[in-house]
Amino acid sequence: MYTRLPPLNALKVFESVGRHLSVKKASAELNVTPAAVSHQIKALEAFLGVQLFHRRNRGLELTDAARECLPKLREGFDSITQAVERLRARKGGGMLTVSAAPSFAARWLMPRLHRFLESHPEVDLRISARLRQSAEGGRRGAAAERATVDAWLSDSDVAILYGRGDYPGFEVDKLFDLSVTPICSPRLLTDPEHPLLRPADLKHHLLLHDDTGDLYDGVSFWEVWLKAAGVQDVDLSHGAHFSHAVLAFEAAAEGHGVVATMPLLAESDLNAVRLVTPFALRAPLQSSYYLVRDAARARPDVAAFRKWLLEETAKET
Numbered sequence: 010m011y012t013r014l015p016p017l018n019a020l021k022v023f024e025s026v027g028r029h030l031s032v033k034k035a036s037a038e039l040n041v042t043p044a045a046v047s048h049q050i051k052a053l054e055a056f057l058g059v060q061l062f063h064r065r066n067r068g069l070e071l072t073d074a075a076r077e078c079l080p081k082l083r084e085g086f087d088s089i090t091q092a093v094e095r096l097r098a099r100k101g102g103g104m105l106t107v108s109a110a111p112s113f114a115a116r117w118l119m120p121r122l123h124r125f126l127e128s129h130p131e132v133d134l135r136i137s138a139r140l141r142q143s144a145e146g147g148r149r150g151a152a153a154e155r156a157t158v159d160a161w162l163s164d165s166d167v168a169i170l171y172g173r174g175d176y177p178g179f180e181v182d183k184l185f186d187l188s189v190t191p192i193c194s195p196r197l198l199t200d201p202e203h204p205l206l207r208p209a210d211l212k213h214h215l216l217l218h219d220d221t222g223d224l225y226d227g228v229s230f231w232e233v234w235l236k237a238a239g240v241q242d243v244d245l246s247h248g249a250h251f252s253h254a255v256l257a258f259e260a261a262a263e264g265h266g267v268v269a270t271m272p273l274l275a276e277s278d279l280n281a282v283r284l285v286t287p288f289a290l291r292a293p294l295q296s297s298y299y300l301v302r303d304a305a306r307a308r309p310d311v312a313a314f315r316k317w318l319l320e321e322t323a324k325e326t
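If you want this note's numbering, it's the position in the sequence shown, counting the first as 1, plus 9.
No lab work stands behind these hints: they were computed from the structure. Glycine is no exception: its CB is placed at the ideal position from the N, C-alpha and C atoms.
With a Cα cut of at most 35 Å, we get these calculated DSBU-like pairs of lysine-lysine:
1. Lys-316 to Lys-183
2. Lys-324 to Lys-236
3. Lys-51 to Lys-34
4. Lys-21 to Lys-34
5. Lys-34 to Lys-316
6. Lys-34 to Lys-183
7. Lys-51 to Lys-81
8. Lys-236 to Lys-183
9. Lys-236 to Lys-212
10. Lys-81 to Lys-21
11. Lys-21 to Lys-183
12. Lys-34 to Lys-81
13. Lys-21 to Lys-51
14. Lys-33 to Lys-183
15. Lys-316 to Lys-21
16. Lys-324 to Lys-183
17. Lys-33 to Lys-21
Pairwise CB distance ranges (calculated):
18. Leu-198 to Lys-33: 48 to 56 Å
19. Arg-124 to Arg-64: 52 to 60 Å
20. Ser-277 to Phe-56: 52 to 60 Å
21. Leu-17 to Lys-183: 31 to 39 Å
22. Glu-320 to His-63: 48 to 56 Å
23. Arg-207 to Ser-137: 37 to 45 Å
24. Arg-13 to Pro-43: 27 to 35 Å
Kindly generate the complete structure, drawing on both the sequences and the hints.
Here is the structure:
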């Protein structure tokens, strides 16, 4: 006999509120507003014809009916998660899929990936360079980062992205403490008219812009570095803008200007002296690169990749 079930989303909200006994904590976990959580609970109570919570001065308390059904509901969600993971594993044919920011994938991950492949020949690996969700629709901040994580992990096993690391419901590892500094062609250091010797000399050169900071943190990398350097008379309103650091590196290497960006991603060019950092000052960033994964995907290949990646980043530190 078919029984009409309430909306799955409402049940998920009920499970979260029941676990935390807090609308506020459930809203943070589910990345929705407290008003939306309350609406879902009221709608579910209306659908079932049963009160789920007593509203006390000190907070929420489960009714007897809610307390009785909540364990079975949790078992149901666990079963759904396991079923979906089995479908994903069958779809991927056992392949480990890693989503990563394009510049990080190209400039940091690729030069080191051979070591993982050599030590784990049994793993079939797929690297997917992905664009951030915050670049679309003007979204910024925590909501944009959560949208990115949800989108990337919808079809990947792990994600490596630039952000603040606040991703409730996921397991997160910080990979680096990042900083920015001006980077340019060594030719600019001996420019016949305006050699780049001091931060104040930047006003004589074209500034190139890696838009990562502006797009995802709301402040440009140039603003971060110039503030740390105490330089105020440099015009930031002009110059070419690049959505990815790798593009800015190429423009800088051709001598087109100076870019403020993360030296971490320019390691190979700096070692080859194709690019140089004219100043010692490196200004710290609040954001970093994080490894993010769903705790439900406790597969050996995911664990192996995480272990290898943390070992590699520890060498950088």
